[in-house]
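Chains as they are written, first to last, in numbering that gives the first Met the number 0: chain A, 0 to 258; chain B, 0 to 302.
No lab work stands behind these hints: they were computed from the structure. One or more of the hints may lead you astray.
As the list claims (entries may be wrong) - For lysine to aspartate or glutamate, the following DMTMM-like pairs were computed, each having C-alpha atoms within a straight-line distance of at most 25 Å:
(1) K168(A) - E226(B)
(2) K182(B) - D235(A)
(3) K57(A) - E187(B)
(4) K109(B) - E48(A)
(5) K222(B) - D79(A)
(6) K182(B) - E144(A)
(7) K103(B) - D61(A)
(8) K34(A) - D284(B)
(9) K185(A) - D225(B)
(10) K232(A) - D125(B)
(11) K58(B) - E53(A)
(12) K65(A) - D255(B)
(13) K261(B) - E36(A)
(14) K45(A) - E69(B)
(15) K65(A) - E99(B)
(16) K224(B) - E44(A)
(17) K182(A) - D290(B)
(18) K38(A) - E69(B)
(19) K58(B) - D66(A)
(20) K229(B) - E53(A)
(21) K162(B) - E36(A)
(22) K103(B) - E48(A)
(23) K34(A) - E74(B)
(24) K266(B) - E36(A)
(25) K222(A) - E187(B)
(26) K109(B) - D235(A)
(27) K34(A) - D29(B)
(28) K38(A) - E226(B)
(29) K58(B) - E139(A)
(30) K129(A) - D125(B)
(31) K34(A) - D290(B)
(32) K242(A) - D29(B)
(33) K34(A) - D255(B)
(34) K242(A) - D51(B)
(35) K224(B) - E53(A)
(36) K166(A) - E69(B)
(37) K103(B) - E44(A)
(38) K183(B) - E139(A)
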Amino acid sequence: MVKLKKYNGFLKLFVIFLTLFSISSCSTKNYNLTKIEGKQVPVTEKTGETTEIENFIKPYRDHINKDLDNVLAYCPETLDKSTGKWQTGIGSLMADVCVQRGNIVFNAREKKDIDLCLLNHGGIRAILPKGNVTTRSAFEIMPFENSLVVMALKGEQISEIAAYIIKEKKPQPLSGMTFTIAKDNKAKDIMVQGKPLDLNKTYYVATNDYLANGGDSMTFFAKSTQKFDLNYKLRDVLIDYFKEVDTVVAPKNIRITEE
Amino acid sequence: MKRREFIEKTAASTALLSLGLSLSSFESNDIKHLTILHTNDVHSHIDPFPADDPRNPNKGGVSRRATLIEAIRKENPNVLLLDAGDIFQGTPYFNYYGGELEFKLMSMMKYDASTIGNHDFDNGLDGLYAQLPHATFDFINSNYDFKNTVMDGHIKPYKIFNKNGIKVGVFGVGIELQGLVDKKLYLETVYNNPVEVAQDMTKLLKQEQKCDLVICLSHLGYKYKDEPTKISDLTFAAQTQDIDLIIGGHTHTFLDKPTVVKNKAGKDVLVNQVGCYGINLGRIDFYFDKDKAHTNQSATIVV
Numbered sequence: 000m001v002k003l004k005k006y007n008g009f010l011k012l013f014v015i016f017l018t019l020f021s022i023s024s025c026s027t028k029n030y031n032l033t034k035i036e037g038k039q040v041p042v043t044e045k046t047g048e049t050t051e052i053e054n055f056i057k058p059y060r061d062h063i064n065k066d067l068d069n070v071l072a073y074c075p076e077t078l079d080k081s082t083g084k085w086q087t088g089i090g091s092l093m094a095d096v097c098v099q100r101g102n103i104v105f106n107a108r109e110k111k112d113i114d115l116c117l118l119n120h121g122g123i124r125a126i127l128p129k130g131n132v133t134t135r136s137a138f139e140i141m142p143f144e145n146s147l148v149v150m151a152l153k154g155e156q157i158s159e160i161a162a163y164i165i166k167e168k169k170p171q172p173l174s175g176m177t178f179t180i181a182k183d184n185k186a187k188d189i190m191v192q193g194k195p196l197d198l199n200k201t202y203y204v205a206t207n208d209y210l211a212n213g214g215d216s217m218t219f220f221a222k223s224t225q226k227f228d229l230n231y232k233l234r235d236v237l238i239d240y241f242k243e244v245d246t247v248v249a250p251k252n253i254r255i256t257e258e
Numbered sequence: 000m001k002r003r004e005f006i007e008k009t010a011a012s013t014a015l016l017s018l019g020l021s022l023s024s025f026e027s028n029d030i031k032h033l034t035i036l037h038t039n040d041v042h043s044h045i046d047p048f049p050a051d052d053p054r055n056p057n058k059g060g061v062s063r064r065a066t067l068i069e070a071i072r073k074e075n076p077n078v079l080l081l082d083a084g085d086i087f088q089g090t091p092y093f094n095y096y097g098g099e100l101e102f103k104l105m106s107m108m109k110y111d112a113s114t115i116g117n118h119d120f121d122n123g124l125d126g127l128y129a130q131l132p133h134a135t136f137d138f139i140n141s142n143y144d145f146k147n148t149v150m151d152g153h154i155k156p157y158k159i160f161n162k163n164g165i166k167v168g169v170f171g172v173g174i175e176l177q178g179l180v181d182k183k184l185y186l187e188t189v190y191n192n193p194v195e196v197a198q199d200m201t202k203l204l205k206q207e208q209k210c211d212l213v214i215c216l217s218h219l220g221y222k223y224k225d226e227p228t229k230i231s232d233l234t235f236a237a238q239t240q241d242i243d244l245i246i247g248g249h250t251h252t253f254l255d256k257p258t259v260v261k262n263k264a265g266k267d268v269l270v271n272q273v274g275c276y277g278i279n280l281g282r283i284d285f286y287f288d289k290d291k292a293h294t295n296q297s298a299t300i301v302v
């Protein structure tokens, strides 16, 4: 009798113990982070394709390809925006083409000439590889839906453009304007269309709507006295240029000199 | 009498010993393995780069990425698949279809969530809104206030995922839109300070919701060497706490391995980014256990 009683007491204790343990171990306790492994998995041709995904993409791709793979011109060398400190072949080309093609619209509508063009280095989204140039190339370089605008700026703002370029330290696409970066990191000998900058004159500056609205901190465009929307997408400017020429020639002339 | 006492004591200690053993073995077997897979700045790169591309020949491609993801899911079904924004813009797929195909393919690959990059505004708020029905995953951003826009209620400030018992809190931070995105595209979207927003988010996710893991999807950019004061993933990581992993984007930064940064509380945060265009898939494996001995230990980071 005594023996049984003692045994029962032990059993009770055991059950309480078990309950306590299971509560503390399995309910409220959070997980502890013990190990982290990080790596990068490259996606290459060694990875097989997923048929279901491939079949899903195909009709979309076929439709676009039919449209894009028309050969428009030939490019004798790869043009890359990362190969230049203050100017690049592809940047100069784009800015020049914007002045040329933009003038067709601007002359006809406003009977005025574009003096210069400033675009942004970041807006060139791809290289132009050596070989056939297609509509696709234009889409890759200029995937954005930005259009060309002309801003009327005073000479004062033109000097702000030079200061901006120096401050940003990037080869911003520039056409119609040249200057020298002096030893004190200030712009000098600013020339527009081959003539010294006149601070009181109004200049017509071509750019895209993104930059005209202050994009990339191009605040000088906010001081414009007049804005002309050319309703001409930059990508279409490029496509029209490619259609016009047989061979793409990137300008090599120096627009910004460092002293 | 002495013998009985001995037997009782032995029985008790055996019971306790076996109890202890079974508990400790239960704990050590209860290791949870969570795999985070991530992409950023895919920019509509659905097809691989062609073999003659001078910079990225034969790299990338959604169909191949899907194969990799599927293989990893077979190895460990406990996967969270995330994107850090700029899904849109970069190939004609976007210009022709406005992001429809990007969202549909990400849904087929079973993405769990994405944050919003500056280029996801490229067709305006209406353009993004129009494509939302094609995404079965959630969009997470905590520092853009869309209250006075068409996007109101369609972007989650955070989401808690329960992955096989592991509670994962995910929130998102986006870059300052003014000066980067045309105002007519983002309209009345308000940008709030990411560090301040992260304080509220981590308090909620780590302290109140007791998440085992807190992940921040960021489109702030990895680092700005010419503008050290500008908020970036590295400065953000150092100014916040209770974040375990920051999955970044925007700067198209290719990292050999995730960067380990000390946060405000002196603890390690992982910052990762996998370049752009779907050339790489990021993979971070987290291992958890319930061993009490590990409670106050920091995790071993193998990168």
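Tested hints:
Between the alpha carbons of K168(A) and E226(B) the distance comes to roughly 12 Å, so the proposed pair stays at or under 25 Å and holds. Taking the CA atoms of K182(B) and D235(A), the gap is about 23 Å. The hint holds against a cut of 25 Å. Under the criterion of a C-alpha separation no larger than 25 Å, the hint pairing K57(A) with E187(B) is inconsistent with the structure, at around 38 Å. Between the alpha carbons of K109(B) and E48(A) the distance comes to roughly 16 Å, so the proposed pair stays at or under 25 Å and holds.
Between K222(B) and D79(A), the direct Cα distance comes to roughly 23 Å. Compliance with the 25 Å bound is thereby established for this hinted pair. Restraint check: the Cα-Cα separation between K182(B) and E144(A) comes to about 15 Å, which is no more than 25 Å; the hinted pair holds. A C-alpha spacing of about 17 Å is found between K103(B) and D61(A), which places the hinted pair at or below 25 Å, so the restraint holds. The suggested pairing of K34(A) with D284(B) holds, with an alpha-carbon distance near 8 Å, which does not exceed 25 Å.
Taking the CA atoms of K185(A) and D225(B), the gap is near 18 Å; set against the 25 Å cutoff, the hint holds. At most 25 Å may separate the alpha-carbon atoms for a hinted pair to count; K232(A) and D125(B) meet this at roughly 20 Å. Distance hint between K58(B) and E53(A) is fulfilled; the C-alpha atoms sit about 16 Å from each other, no more than 25 Å. Of the supplied pair hints, the one linking K65(A) and D255(B) is violated, its CA atoms being roughly 38 Å apart against a limit of 25 Å.
For the given pair, K261(B) sits about 17 Å from E36(A) by alpha-carbon distance, which is consistent with the 25 Å threshold. About 15 Å separates the Cα atoms of K45(A) and E69(B), which keeps this hinted pair within 25 Å; it holds. The straight-line distance between the Cα atoms of K65(A) and E99(B) is roughly 19 Å, inside the 25 Å bound, and the hint therefore holds. Our distance criterion of 25 Å between C-alpha atoms is broken by K224(B) and E44(A), whose separation comes to about 34 Å.
As the CA atoms of K182(A) and D290(B) are separated by approximately 64 Å, the hinted pair breaks the 25 Å bound. Restraint check for K38(A) and E69(B): satisfied, since their Cα atoms lie roughly 17 Å apart, inside the 25 Å limit. Distance restraint check for K58(B) and D66(A): the Cα-Cα separation of roughly 24 Å lies within the 25 Å cut-off, and the hinted pair is therefore satisfied. Our distance criterion of 25 Å between C-alpha atoms is broken by K229(B) and E53(A), whose separation comes to about 41 Å.
This hinted pair checks out: K162(B) and E36(A) have alpha carbons roughly 18 Å apart, not beyond 25 Å. Taken as a hint, the K103(B) and E48(A) pair is honoured in the structure, with Cα atoms around 17 Å apart against an allowance of 25 Å. A threshold of 25 Å between alpha carbons decides the hint, and for K34(A) with E74(B) the separation of about 18 Å falls inside it, so the pair holds. Proposed proximity of K266(B) and E36(A) is supported: the alpha carbons are some 17 Å apart, at most 25 Å.
A threshold of 25 Å between alpha carbons decides the hint, and for K222(A) with E187(B) the separation of about 24 Å falls inside it, so the pair holds. Annotation: proposed proximity of K109(B) to D235(A) is violated, straight-line Cα distance about 37 Å (limit 25 Å). Between the alpha carbons of K34(A) and D29(B) the distance comes to roughly 14 Å, so the proposed pair stays at or under 25 Å and holds. For the suggested pair K38(A) and E226(B), the alpha carbons sit about 29 Å apart, so the restraint of at most 25 Å is broken.
Distance restraint check for K58(B) and E139(A): the Cα-Cα separation of roughly 16 Å lies within the 25 Å cut-off, and the hinted pair is therefore satisfied. Among the hinted pairs, K129(A) with D125(B) is inconsistent with the structure: their alpha-carbon atoms are about 38 Å apart, more than 25 Å. Only pairs whose Cα atoms come within 25 Å are accepted, and K34(A) paired with D290(B) is accepted, the gap being roughly 13 Å. Taking the CA atoms of K242(A) and D29(B), the gap is about 66 Å. The hint is violated against a cut of 25 Å.
Annotation: proposed proximity of K34(A) to D255(B) holds, straight-line Cα distance about 19 Å (limit 25 Å). Our distance criterion of 25 Å between C-alpha atoms is met by K242(A) and D51(B), whose separation comes to about 23 Å. With a CA separation close to 40 Å, the supplied pair K224(B) and E53(A) exceeds the 25 Å bound. Taking the CA atoms of K166(A) and E69(B), the gap is near 47 Å; set against the 25 Å cutoff, the hint is violated.
Proximity of K103(B) to E44(A) is assessed by CA-CA distance (about 23 Å); at most 25 Å being required, the pair is judged to hold. Among the hinted pairs, K183(B) with E139(A) is consistent with the structure: their alpha-carbon atoms are about 24 Å apart, no more than 25 Å.
The structure does not agree with the numbered hints 3, 12, 16, 17, 20, 26, 28, 30, 32, 35, 36 stated previously, though it agrees with the rest.
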